[in-house]
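> Chain X: place on chain E using the hints.
Single-letter residue listing:
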Amino acid sequence: MQTNRLPLEGIRVADFTWFGAGPIYTQILANHGAQVVRVESQARIDGLRLAHPMPEGKYTLNVSGYYNNFNASKLSFTLNMKHPKAPAVALRLVAVSDIVAENYTPGTLEKWGLSYQRLQEVKPDIIMVRAPMQGGDGPHADFSGFGAVISPLAGISHLSGSPQRAPVGLGTNYTDYVINPGHAVIATLAALRYRNRTGKGQLLEVAQFESSVCVVGTAILDYTVNGRVQNRQGNRLPYAAPHGAYRCQGDDRWCVIAVFSDDQWRALCRAMDDPQWCHEERFDTLQGRKQNEDELDRLVEGWTSTRTAEEVMATLQAAGVAAGVVQNARDTLENDPHLKARGYYAYLDHPEAGRTAYDGPGFRLSKTPGKLQSPAPMMGEHTDRVCREVLQMDDEEIAQLVIEGILF
Amino acid sequence: MADPADTPLALDDIRVLDLAGEPGMYCGKLLAELGADVLKVEPPGGDPARRIGPFFHDEVAPSKSLYFFGLNSSKRAITLDIASADGQALLKRLAATADVVLETFPPGYLESIGLGYDTLSQIKPDIILCSISGFGQWGPHSHYSATDIVAVAMSGMMHLAGFPGEAPDQPYGNQAYYCASIQACTGILMALLHRDATGQGQQVEVSMQEALLMNQETAMQYWDIRKELRGRMGNERRLPAIGVYECQDGYVAFMVGVPGFGSPWPALMRWMVDEGKAEDLLEERWQNLFGQLDMRLVAEIYFGNDAELVATWVPRLAHIDEVLVRFIKNYTKAQLYAEGQRRGLLVAPVDTPQDLCVNPQLNYRRWFTPVEHPELATTITYPGPPYRLSETPWRIRRPPRIGEHNQEVYCGELGLSPEQLAALTDAGVI
Chain E
1 MQTNRLPLEG
11 IRVADFTWFG
21 AGPIYTQILA
31 NHGAQVVRVE
41 SQARIDGLRL
51 AHPMPEGKYT
61 LNVSGYYNNF
71 NASKLSFTLN
81 MKHPKAPAVA
91 LRLVAVSDIV
101 AENYTPGTLE
111 KWGLSYQRLQ
121 EVKPDIIMVR
131 APMQGGDGPH
141 ADFSGFGAVI
151 SPLAGISHLS
161 GSPQRAPVGL
171 GTNYTDYVIN
181 PGHAVIATLA
191 ALRYRNRTGK
201 GQLLEVAQFE
211 SSVCVVGTAI
221 LDYTVNGRVQ
231 NRQGNRLPYA
241 APHGAYRCQG
251 DDRWCVIAVF
261 SDDQWRALCR
271 AMDDPQWCHE
281 ERFDTLQGRK
291 QNEDELDRLV
301 EGWTSTRTAE
311 EVMATLQAAG
321 VAAGVVQNAR
331 DTLENDPHLK
341 ARGYYAYLDH
351 PEAGRTAYDG
361 PGFRLSKTPG
371 KLQSPAPMMG
381 EHTDRVCREV
391 LQMDDEEIAQ
401 LVIEGILF
Chain X
409 MADPADTPLA
419 LDDIRVLDLA
429 GEPGMYCGKL
439 LAELGADVLK
449 VEPPGGDPAR
459 RIGPFFHDEV
469 APSKSLYFFG
479 LNSSKRAITL
489 DIASADGQAL
499 LKRLAATADV
509 VLETFPPGYL
519 ESIGLGYDTL
529 SQIKPDIILC
539 SISGFGQWGP
549 HSHYSATDIV
559 AVAMSGMMHL
569 AGFPGEAPDQ
579 PYGNQAYYCA
589 SIQACTGILM
599 ALLHRDATGQ
609 GQQVEVSMQE
619 ALLMNQETAM
629 QYWDIRKELR
639 GRMGNERRLP
649 AIGVYECQDG
659 YVAFMVGVPG
669 FGSPWPALMR
679 WMVDEGKAED
689 LLEERWQNLF
699 GQLDMRLVAE
709 IYFGNDAELV
719 ATWVPRLAHI
729 DEVLVRFIKN
739 YTKAQLYAEG
749 QRRGLLVAPV
759 DTPQDLCVNP
769 QLNYRRWFTP
779 VEHPELATTI
789 TYPGPPYRLS
799 ETPWRIRRPP
809 RIGEHNQEVY
819 CGELGLSPEQ
829 LAALTDAGVI
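One line per chain: the protein sequences are E and X, in this order. So in my numbering the end of the first sequence lands on 408, straight run, no missing numbers. So in my numbering the end of the second sequence lands on 838, straight run, no missing numbers.
This is chain E alone, in the form it adopts within the complex (with noise of 0.2 angstroms):
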């Protein structure tokens, strides 16, 4: 049984964050029932409605897929904050808020007179969510980063990749997506629980620094306790073989196999028709495994290399062995039978954009599901909703809004 009432229903959220990591941030939200009023401005556009991609030969603020498969759900409000009268606008909609959260480098907000202590003389129970690259104090503190320098930073380029190669990382901004905006919802939530038992609202902050370090920890305490600097070990682990991905049939397709077991080991052979390889004695350990990692590698793949990613993957899965294949976005967008029959991708409608596919929510509530409420707004689409359904503005003080380039 479904109800119609999300669990963040009734929350609104003053949304100054911008780029990545922010917005998908409160995107969650959004996509769980709360308001969330996305404070832009022509004068200080948000880089990923520049950013690519966009369809070709349609270069506009409100098409960039980057851009709008973070912001759907949202109500976007132009406010030009440098001039001097928008942040009383902005107090007014904090007001009214129950989260203020921005990612802008410190200081920012207390350069527009929006400190946590002004805040709190508006809304007392407010919600703060800061998320600076390195956390407001502290000798970093100005240093400037965005996701894409956050790897290396936190160590997971360094540790992630061959060892023979530079560490280039994941490909991605990798702590934008979900390790930064997660870890910061799950501090807003933790706090609204808090807010709802007592009544205190509070100021929280997500180092995106502090947070990226988190997802190496081992390497962390295989440091402090054992003083061991550990490397990129590329696909293998000490405990299992074979673990990797291996080459198959067709241009750049592969099938990852993770056997950790020796159960697991003989399943696999089995699963591969037991070739005379498989009965060497060499093979029969996960010790003897590793210490033979190239030829057994190799020897896997020589099976892999003549079969497709997906015939490997569904053969080693009806044996009980770990396999899948390295899918492609083309893969996981429109060929993954499973993820069509989930429906994880949705299709919306935007009116510049078109009909184009987002991200559907990372997690699954049986009564409350979120769901993308609406396509990433246009720039400034919902102002005027925002000065008279949230600011409870008259036509007469909009007008004069707009005249002063305030609303901009």
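It is possible that some hints are incorrect.
Stated by the list, open to error - DSS-like mimics (lysine-lysine), calculated; alpha carbons at most 25 angstroms apart, straight line:
hint: 1; chain 1: X; residue 1: K685; chain 2: X; residue 2: K737
hint: 2; chain 1: X; residue 1: K472; chain 2: X; residue 2: K500
hint: 3; chain 1: X; residue 1: K635; chain 2: E; residue 2: K58
hint: 4; chain 1: E; residue 1: K123; chain 2: E; residue 2: K111
hint: 5; chain 1: E; residue 1: K82; chain 2: E; residue 2: K111
hint: 6; chain 1: E; residue 1: K340; chain 2: E; residue 2: K371
hint: 7; chain 1: X; residue 1: K472; chain 2: E; residue 2: K290
hint: 8; chain 1: E; residue 1: K123; chain 2: E; residue 2: K82
hint: 9; chain 1: X; residue 1: K635; chain 2: E; residue 2: K340
hint: 10; chain 1: E; residue 1: K367; chain 2: E; residue 2: K340
hint: 11; chain 1: X; residue 1: K500; chain 2: E; residue 2: K367
hint: 12; chain 1: E; residue 1: K367; chain 2: X; residue 2: K532
Quick caveat, the hints were computed from the structure, so don't treat them as lab data.
Relative to chain E, chain X alone:
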């Protein structure tokens, strides 16, 4: 921030029955460190993850796994064989006291032993059951076996990691488990807020594959909007100063020159000039060239759609990059980071775990957190909080030993007599 010892905890009214294996261990830790009472239920003999290294002083023992330590701090631990009838009876009694049950069994397993959501919600009507598995509880692949590498492969994120033509890279450290745990924790908190408001419990379902799909960045949109497939880029630097460079003691990442993403080229040029290492880039022909590198041009070169444009620009850019490669080799990571940032350039070191442990910022903010381990007669430095809450700060305690809280829970809370506990222990139930 206040002294954590005196402050309230955000979730101190919540009890979690944590049946999770590796994919959910971080979820339990997140809840525990926000104040929830997370009761970890391990099979007799302990969680198999206790046998995974690295180990304390490389001493291989279930009580010394650093991998386990890092993901199970702040929990309490009991042992229970939930496959046995007596174990199931005890688990039901524990479920009656829980707000949340967290599990990572193959889909259908809990039902098969009579502990599915229907049963649990009869025992505790507002219970929240969170299930993490490779592909979710239903759908054609839901029965597939999935370890970390399978989930990252099937999510599309692995396809983007590494070098073109070579095998794609699994990210370090079980990132599928971290992401799935984060999504699960978010879902649990959403469900708790809903329960608080309505009295209704529900199920939270996490598919590791779905939990990771967002990590494809823009790859899905490139295919959807432009029918272009993003692949692995390795260290191909289509533009100078965007990518990873070798320096004196390791590597640094530069992200300089993309308008809107960091400082422009002239600041980097000034740096090279100040150091007397700009070589021929001071000549006017190169200066003019930097002026032409606007956003549109950058995008065109980066995505390589216009062959003629690429042919004109690539050799020029290659020359600039060669000078830059020589420049960067003269300095250490720390020097490049400090001076680059001082000049407003987006530069970051490729940190090793050692670099992180001496990082001035993390240390100034006392991020690393000492945790006493009396059982090992030592104090271990743990990774610190992912977030800082002013009123209800994150708090960490030592991870539990196997069955450390058996007596406390079974006798103290469920009211078993010491004799009953001993008998159940002898029978292999506890």
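> A separate judgement is required for each hint: does it hold in the structure or not?
Each hint tested on the structure:
1. A C-alpha spacing of about 11 angstroms is found between K685 of chain X and K737 of chain X, which places the hinted pair at or below 25 angstroms, so the restraint holds.
2. Only pairs whose Cα atoms come within 25 angstroms are accepted, and K472 of chain X paired with K500 of chain X is rejected, the gap being roughly 31 angstroms.
3. Straight-line distance between C-alpha atoms of K635 of chain X and K58 of chain E comes to about 15 angstroms, which keeps the hinted pair within the 25 angstroms bound.
4. Taken as a hint, the K123 of chain E and K111 of chain E pair is honoured in the structure, with Cα atoms around 19 angstroms apart against an allowance of 25 angstroms.
5. Proximity of K82 of chain E to K111 of chain E is assessed by CA-CA distance (about 10 angstroms); at most 25 angstroms being required, the pair is judged to hold.
6. A hinted pair counts as satisfied when its Cα atoms are at most 25 angstroms apart, and K340 of chain E with K371 of chain E qualifies at roughly 16 angstroms.
7. Between K472 of chain X and K290 of chain E the alpha-carbon distance is near 23 angstroms, which keeps this suggested pair within the 25 angstroms criterion.
8. With a C-alpha separation of about 23 angstroms, the suggested pair K123 of chain E and K82 of chain E falls inside the 25 angstroms cut-off, and the hint holds.
9. The suggested pairing of K635 of chain X with K340 of chain E holds, with an alpha-carbon distance near 19 angstroms, which does not exceed 25 angstroms.
10. Taking the CA atoms of K367 of chain E and K340 of chain E, the gap is near 21 angstroms; set against the 25 angstroms cutoff, the hint holds.
11. In summary, the hint linking K500 of chain X to K367 of chain E is supported, as the alpha carbons are separated by about 23 angstroms, within the 25 angstroms threshold.
12. The straight-line distance between the Cα atoms of K367 of chain E and K532 of chain X is roughly 17 angstroms, inside the 25 angstroms bound, and the hint therefore holds.
Figure legend: structure checked against the earlier numbered hints; the only hint not met is number 2.
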